[in-house]
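Asker: Take a look at the letters that make up each chain.
There are 2 protein chains.
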Amino acid sequence: MASMAQIKASNPVARDAAIGEIRALIGERLSTAGAVREQHGKGEAYHHSIPPDAVAFAESTEEVAAIVKICARHRLAVVPFGTGTSLEGHTAALHGGICIDLSRMNRILAVNAEDLDVRVQPGVTRKQLNDHLRDTGLFFPIDPGADASLGGMTATRASGTNAVRYGTMRENVLSLEVVLADGRVIRTARRARKSSAGYDLTRLFVGSEGTLGVITEVTLRLYGIPEASSVAMCSFATVKGAVDTTIATIQAGVPVARIELADGVQMGAIARYSKLDLAAVPTLWLEFHGTEASVAEQAGMVQAIAADNGGENFQWTTDAAERKRIWQARHDAAYAAKALRPGCQVWATDVCVPISRLADCIVETQKDLESTHLPAPIVGHVGDGNFHLSFVLDPTKPEEIAEANRINDRLVARALAMEGTCTGEHGVGYGKIDYLDDEHGDAVSVMRTLKKAIDPDNIMNPGKIVRV
Amino acid sequence: MASMAQIKASNPVARDAAIGEIRALIGERLSTAGAVREQHGKGEAYHHSIPPDAVAFAESTEEVAAIVKICARHRLAVVPFGTGTSLEGHTAALHGGICIDLSRMNRILAVNAEDLDVRVQPGVTRKQLNDHLRDTGLFFPIDPGADASLGGMTATRASGTNAVRYGTMRENVLSLEVVLADGRVIRTARRARKSSAGYDLTRLFVGSEGTLGVITEVTLRLYGIPEASSVAMCSFATVKGAVDTTIATIQAGVPVARIELADGVQMGAIARYSKLDLAAVPTLWLEFHGTEASVAEQAGMVQAIAADNGGENFQWTTDAAERKRIWQARHDAAYAAKALRPGCQVWATDVCVPISRLADCIVETQKDLESTHLPAPIVGHVGDGNFHLSFVLDPTKPEEIAEANRINDRLVARALAMEGTCTGEHGVGYGKIDYLDDEHGDAVSVMRTLKKAIDPDNIMNPGKIVRV
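Protein chains in written order, with the working numbering: chain Z, 442 to 909; chain E, 442 to 909.
It cannot be assumed that every hint is accurate.
Remember, identical chains collapse to one label, so a pair may be satisfied in a single copy or spanning two.
[As the list claims (entries may be wrong)] Using 20 Å as the maximum straight-line C-alpha spacing, the simulated EDC-like pairs for lysine to aspartate or glutamate come out as follows:
| no. | residue 1 | residue 2 |
| --- | --- | --- |
| 1 | K568 | E479 |
| 2 | K893 | E805 |
| 3 | K568 | D875 |
| 4 | K893 | D773 |
| 5 | K893 | E811 |
| 6 | K510 | D883 |
| 7 | K893 | D623 |
| 8 | K681 | E555 |
| 9 | K838 | E753 |
| 10 | K893 | E844 |
| 11 | K808 | D576 |
| 12 | K681 | D584 |
| 13 | K568 | D584 |
| 14 | K779 | E485 |
| 15 | K681 | D879 |
| 16 | K483 | D760 |
| 17 | K681 | E612 |
These are computed hints drawn from the structure, not numbers from a lab.
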């Protein structure tokens, strides 16, 4: 089952001493106000706030290092915070301690257009980066939905709709600057596009959720904005038809930039919310990047593949306004889900399976949902085998959370039985910590060994990923 | 400077006891014959052989685990061995011990065509895999030149000519089975295409060169064989013209599959060796994958870009025989280099820099080469900023090795000053171990921490990557 938080208050003497020292360092940029602490103790999911003892708004790597050193001396927990858009309780201060808010470290430090890379501070958000890049002809493709900070996206190994073409944060981080648990500052790699010079520290910190150190700089890969884009949409009688279309598209080597799926429940919700004439059946959206000729050819190839797999009403366009209209329905998915039960919240699950098992996994899950009264539309990054149930629930009702947990437990077990993972892109936090043994077996002990070696006093975001 | 091996013999009592126990386990598949030991103590570079005490030809994960357990009990070193084609002394038994030869673990365990992945034993070579896949319409793109084992390619984070499009082993390994230093067997990840479920153990073992465990299974990404390929070749008056063409090509989003550079010295050598009418000037080879229309369009776009950057004699073709003829010149590069001094060996350096610095790095290196009598043609995977000098030297002459070392030291220092790496794809072994401090600074201490945590008795390929 989804984990209960194992909460442990910080030592009050250590806490007060550390707060005094940090206040001497950064003055009023250390806050102990209730509202500020409350806001920093949760993300965007159902997890309630577990506030830190104080929030430090850091403005430089040196400040982060100094704060971590103070916390290390007092054995006080450190929880890094970006935009607070994570979904598995990553920012909950389970052991109290100091939250380091990195949102003021939001400078873009160097755009290297010829090298297609950029170095940013961790508080820069993905939209901020893309706005900044607009005149360069370059863009950063990873889009997890929320306008998350790039430090946070790195820490959770985020991905989203573009991953099928451009990869996840795993593939797109070139190098990191990290403050370790003892306050030392390291750089994990040079700016070369590839290297075989030792252990891949970059990838060790990507997805480490603040448990091994605080990310204070990120160097990212960039891409040329494609000359042309085309967008397509197509409906199917069955999920299997949509998934088979996806498989055939990828096998045919069509370099699809996005391929998104919604199930019938989700499509019905979108049609109602957006007042669109959409059939409540499984639907694919696709996006193609390339030259004018190439995006037309790609759309044509997929149209033929979709027809072979029962696709109907295939429409595609290169027109900017039309593209926006087609994508709007997909973008409305979360709002449409929420509108199914006004006043409720959406809690999104996140499994990922080999694509050959995806249709089965979704269909079995849909059967499971027949036994619950909670609405739970499905959207998926189908090219990667990744999908989300959006439970629309009342977070003040424990029985609804328990019901969502019950179904999620079964969903994770189903995904694991299909050689999948308990989280494709949201991360572990403490919400998924109890699934890791089932997923990784003895490999979890290696993760624990790494955590203990790099953070021997367990001060870095304790209680997340692995318990020690 | 390139490192001297720090050799330490194994304890004879431990050695004899372990050999006895392993012989009881695998019988005549344990060899102590001088020729076998000698052959397993070196790779393909100038490094002389440093033989292990014995070579165990393992046939299963269980055998590898049992052998490692025996070695762990006797604190004897373990050196994994694939095809012996590594280039920085990776397989030298610096502390003696048992070499585990994995070449008999060469079964292809599962091809999942719909998921575009394959699970193999570590002794499967890349050509063997691609022969096996031929009828499936799929292929595995990573091509480091040698027909290396996939376990070895994983261990050294290999790449080669296709990396600019398809990535390196870092991007193409989905999951590993690994025997740890205490004989436990773990799987680093599920078969899902992406996951945020904990630390990225897969990437920790990719590039770990046997120092953290023995890789006993590899799950790899596959790709659809493109419908069409086109190949182009173009010469330039300057290295800068060739590199600028590469930069503009990548910025324009042309999804080039290969883009290779040879300098004038290398082209002169190829012309002489292959009796071809080739100008001794910087030359690019390119390959494009896609549909018939797309590969023609890509070649046309690059032709225009090359013309803007002083490219001459641009030729391109989709004809299979012509493609082979054009690539042959590139494939002859190593033989052509060797033919410059009959009886000598080629020793290849391997730096990688941000592509904006590549032309400068090559030109400064060429200037450096004016002061030596050693021929040293240059070839490069220019799309990644990675290039090799091929010193043609007599390995029996210490002064020639010293001269190559001197120039290589300067080359590495130059690459590091340009934010590059001391090795783009060959790895560290013991040949580059002394460069890591300059490259990574304090991050090397984190690598050492990881090594000590995962292999506390330092039995896994000791003396490679980091000394402990």
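Asker: A separate judgement is required for each hint: does it hold in the structure or not?
Answerer: Against the structure, the hints:
1. Taking the closest pair of Cα atoms, K568 and E479 never come within 20 Å of each other, the shortest separation being 26 Å inside a single copy and 58 Å across copies.
2. Taking identical chains as interchangeable, the C-alpha atoms of K893 and E805 are never at most 20 Å apart, the minima being 39 Å within one chain and 45 Å between chains.
3. For the homomeric pair K568 and D875, neither the shortest alpha-carbon distance inside one copy (33 Å) nor that between copies (41 Å) is at most 20 Å.
4. In this homomeric assembly, K893 and D773 never come within 20 Å of each other (Cα to Cα): the closest approach is 43 Å inside a single copy and 50 Å across copies.
5. Within a single copy, K893 and E811 get their C-alpha atoms no closer than 44 Å, and across copies no closer than 51 Å, so neither meets the 20 Å cut-off.
6. When the C-alpha separation of K510 and D883 is checked against a cutoff of 20 Å, the pair qualifies only between copies, where the shortest distance is 17 Å, while the shortest distance within a copy is 33 Å.
7. Taking the shortest Cα distances, K893 and D623 sit within 20 Å of each other both inside one copy (13 Å) and across copies (18 Å).
8. Taking the closest pair of Cα atoms, K681 and E555 come within 20 Å of each other only across two copies (13 Å); inside a single copy the shortest separation is 43 Å, beyond that limit.
9. Taking identical chains as interchangeable, the C-alpha atoms of K838 and E753 are never at most 20 Å apart, the minima being 41 Å within one chain and 73 Å between chains.
10. Taking identical chains as interchangeable, the C-alpha atoms of K893 and E844 are never at most 20 Å apart, the minima being 35 Å within one chain and 44 Å between chains.
11. For the identical chains of this complex, K808 and D576 are neighbours neither inside a copy (49 Å) nor across copies (37 Å), given an alpha-carbon limit of 20 Å.
12. Proximity of K681 and D584 under a CA criterion of 20 Å is satisfied in neither setting, with 26 Å inside one chain copy and 35 Å between copies.
13. Taking the shortest Cα distances, K568 and D584 sit within 20 Å of each other inside one copy (9 Å), while across copies they are farther apart (37 Å).
14. In this homomeric assembly, K779 and E485 come within 20 Å of each other (Cα to Cα) only inside a single copy, at 14 Å, whereas the closest approach across copies is 62 Å.
15. Taking the shortest alpha-carbon separations for K681 and D879, neither the intra-copy value of 28 Å nor the inter-copy value of 54 Å comes in at or below 20 Å.
16. For the identical chains of this complex, K483 and D760 are neighbours neither inside a copy (40 Å) nor across copies (60 Å), given an alpha-carbon limit of 20 Å.
17. With identical chains, the CA atoms of K681 and E612 are never at most 20 Å apart, being 29 Å at best within one copy and 28 Å at best between copies.
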